[in-house]
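K.L.:
Letter by letter, the chains look like this.
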Amino acid sequence: EDKVVQSPLSLVVHEGDTVTLNCSYEVTNFRSLLWYKQEKKAPTFLFMLTSSGIEKKSGRLSSILDKKELFSILNITATQTGDSAIYLCAVSLTQGGSEKLVFGKGTKLTVNP
Amino acid sequence: SAVISQKPSRDICQRGTSLTIQCQVDSQVTMMFWYRQQPGQSLTLIATANQGSEATYESGFVIDKFPISRPNLTFSTLTVSNMSPEDSSIYLCSVEMGGDEKLFFGSGTQLSVL
Numbered sequence: 327e328d329k330v331v332q333s334p335l336s337l338v339v340h341e342g343d344t345v346t347l348n349c350s351y352e353v354t355n356f357r358s359l360l361w362y363k364q365e366k367k368a369p370t371f372l373f374m375l376t377s378s379g380i381e382k383k384s385g386r387l388s389s390i391l392d393k394k395e396l397f398s399i400l401n402i403t404a405t406q407t408g409d410s411a412i413y414l415c416a417v418s419l420t421q422g423g424s425e426k427l428v429f430g431k432g433t434k435l436t437v438n439p
Numbered sequence: 012s013a014v015i016s017q018k019p020s021r022d023i024c025q026r027g028t029s030l031t032i033q034c035q036v037d038s039q040v041t042m043m044f045w046y047r048q049q050p051g052q053s054l055t056l057i058a059t060a061n062q063g064s065e066a067t068y069e070s071g072f073v074i075d076k077f078p079i080s081r082p083n084l085t086f087s088t089l090t091v092s093n094m095s096p097e098d099s100s101i102y103l104c105s106v107e108m109g110g111d112e113k114l115f116f117g118s119g120t121q122l123s124v125l
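Going down the list, the protein sequences come from chains B and W. In the working numbering, each residue carries its 1-based index in the first sequence increased by 326. In the working numbering, each residue carries its 1-based index in the second sequence increased by 11.
Treat the hints as calculated values from the structure; they're not laboratory data. Ideal Cβ placement from N, Cα and C applies to all residues, glycine included. Misleading hints may appear alongside valid ones.
[What the hints assert, rightly or not] Computed from the model, here is a short list of chain W residues facing chain B with C-beta under 10 Å:
#, residue
1, 73
2, 82
3, 97
4, 99
5, 105
6, 119
[As the list claims (entries may be wrong)] Listed next, the in silico EDC-like pairs over lysine to aspartate or glutamate satisfying Cα-Cα at most 20 Å (straight line):
#, chain 1, residue 1, chain 2, residue 2
7, B, 394, B, 381
8, W, 18, B, 365
9, B, 393, B, 341
10, B, 329, B, 425
11, B, 394, B, 341
12, B, 367, W, 65
13, B, 394, B, 343
14, B, 363, W, 97
15, B, 426, W, 97
16, B, 329, B, 352
17, B, 393, B, 343
18, B, 383, B, 409
19, B, 434, B, 395
20, B, 367, W, 22
21, B, 329, W, 69
22, W, 113, B, 381
23, B, 367, W, 75
24, B, 382, W, 98
25, B, 393, W, 111
26, B, 426, W, 111
27, B, 431, W, 22
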């Protein structure tokens, strides 16, 4: 069974801290790994990773994929209260000739002032 | 990216009733996806809606419970039928844009069933 496991499930930090969110996966026919930020209901896209070892960066957020060890990390530096959200990891795979996204349960990040 | 409008934003429903959720996209898309996110759980794909053909349902989801319409390339509806408290979830429609696996999501519907 395809699965995506995120850790920790929740995290509380203070503004200015750096956090690392983890995502490990066991899937067949891997295509890519994606990170989303979910603040209320709608997840918003952050990164898509397809190649190992190549860091993707957007402002204070960065992410990297290790296809050998089957995991990805999402780093947030100098956290702000606006970073408080659920961060979702998803793996895109091919199943039965079509693409499918399998999501982890998410990491709930709370940034306190 | 796409602008995806979803309504209603939230609803509180009685057990045994049905609710239809609408999803409108600002551009034409081939496939639209419907997800459910139960409290504390991951997003789970309910079905894929292609225009002009029957929706494809994932294991554990059936057409009688979650009928889907896809009348054109910019619109879809998902009905949650004969609701029970276990159907209380966030329901999300999504589309794939740009030819890769990136999904863009609608604003979501928070459903509570009493």
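K.L.:
Does each hint fit the structure? Answer for all of them.
P.N.:
Structure-based check of each hint:
Nearest Cβ of chain B to the Cβ of residue 73(W): about 18 Å, over the 10 Å cut. The hint is violated. Interface restraint check for residue 82(W): the shortest CB-CB distance to chain B comes to about 22 Å, outside 10 Å, so the restraint is violated. The closest approach between the C-beta of residue 97(W) and any C-beta of chain B is roughly 18 Å, which is over the 10 Å cut-off, so the hint fails. Interface hint at residue 99(W): violated, since its Cβ lies 14 Å from the closest Cβ of chain B, which is beyond the 10 Å cut-off.
Against a cut-off of 10 Å between C-beta atoms, the interface hint on residue 105(W) holds, since the closest Cβ of chain B lies about 8 Å away. For residue 119(W), the shortest C-beta to C-beta distance to chain B is roughly 3 Å, which falls under 10 Å, so the interface hint holds. Pair hint residue 394(B) plus residue 381(B) holds up; C-alpha atoms about 15 Å apart against a cutoff of 20 Å. At roughly 18 Å between alpha-carbon atoms, residue 18(W) and residue 365(B) fall within 20 Å of each other, so this suggested pair holds.
Restraint check: the Cα-Cα separation between residue 393(B) and residue 341(B) comes to about 32 Å, which exceeds 20 Å; the hinted pair is violated. For the proposed pair residue 329(B) and residue 425(B), the alpha carbon gap of about 15 Å is at most 20 Å, so the pair holds. Restraint check for residue 394(B) and residue 341(B): not satisfied, since their Cα atoms lie roughly 33 Å apart, outside the 20 Å limit. Restraint check for residue 367(B) and residue 65(W): not satisfied, since their Cα atoms lie roughly 27 Å apart, outside the 20 Å limit.
Proximity of residue 394(B) to residue 343(B) is assessed by CA-CA distance (about 29 Å); at most 20 Å being required, the pair is judged violated. For the hint linking residue 363(B) to residue 97(W), the alpha-carbon distance of about 25 Å lies beyond 20 Å, and the restraint is violated. Proposed proximity of residue 426(B) and residue 97(W) is contradicted: the alpha carbons are some 24 Å apart, above 20 Å. Taken as a hint, the residue 329(B) and residue 352(B) pair is honoured in the structure, with Cα atoms around 5 Å apart against an allowance of 20 Å.
Simply put, residue 393(B) and residue 343(B) have alpha-carbon atoms about 28 Å apart, too far for the 20 Å limit, and the pair is violated. With a C-alpha separation of about 16 Å, the suggested pair residue 383(B) and residue 409(B) falls inside the 20 Å cut-off, and the hint holds. For the proposed pair residue 434(B) and residue 395(B), the alpha carbon gap of about 24 Å is over 20 Å, so the pair is violated. Distance restraint check for residue 367(B) and residue 22(W): the Cα-Cα separation of roughly 14 Å lies within the 20 Å cut-off, and the hinted pair is therefore satisfied.
Straight-line distance between C-alpha atoms of residue 329(B) and residue 69(W) comes to about 15 Å, which keeps the hinted pair within the 20 Å bound. Simply put, residue 113(W) and residue 381(B) have alpha-carbon atoms about 18 Å apart, close enough for the 20 Å limit, and the pair holds. Using a Cα cut-off of 20 Å, the hinted pair residue 367(B) and residue 75(W) is violated, with the two alpha carbons roughly 26 Å apart. Our distance criterion of 20 Å between C-alpha atoms is broken by residue 382(B) and residue 98(W), whose separation comes to about 37 Å.
Between residue 393(B) and residue 111(W), the direct Cα distance comes to roughly 19 Å. Compliance with the 20 Å bound is thereby established for this hinted pair. Between residue 426(B) and residue 111(W) the CA atoms are separated by roughly 12 Å; this keeps the pair inside 20 Å, and the hint holds. With a C-alpha separation of about 24 Å, the suggested pair residue 431(B) and residue 22(W) falls outside the 20 Å cut-off, and the hint is violated.
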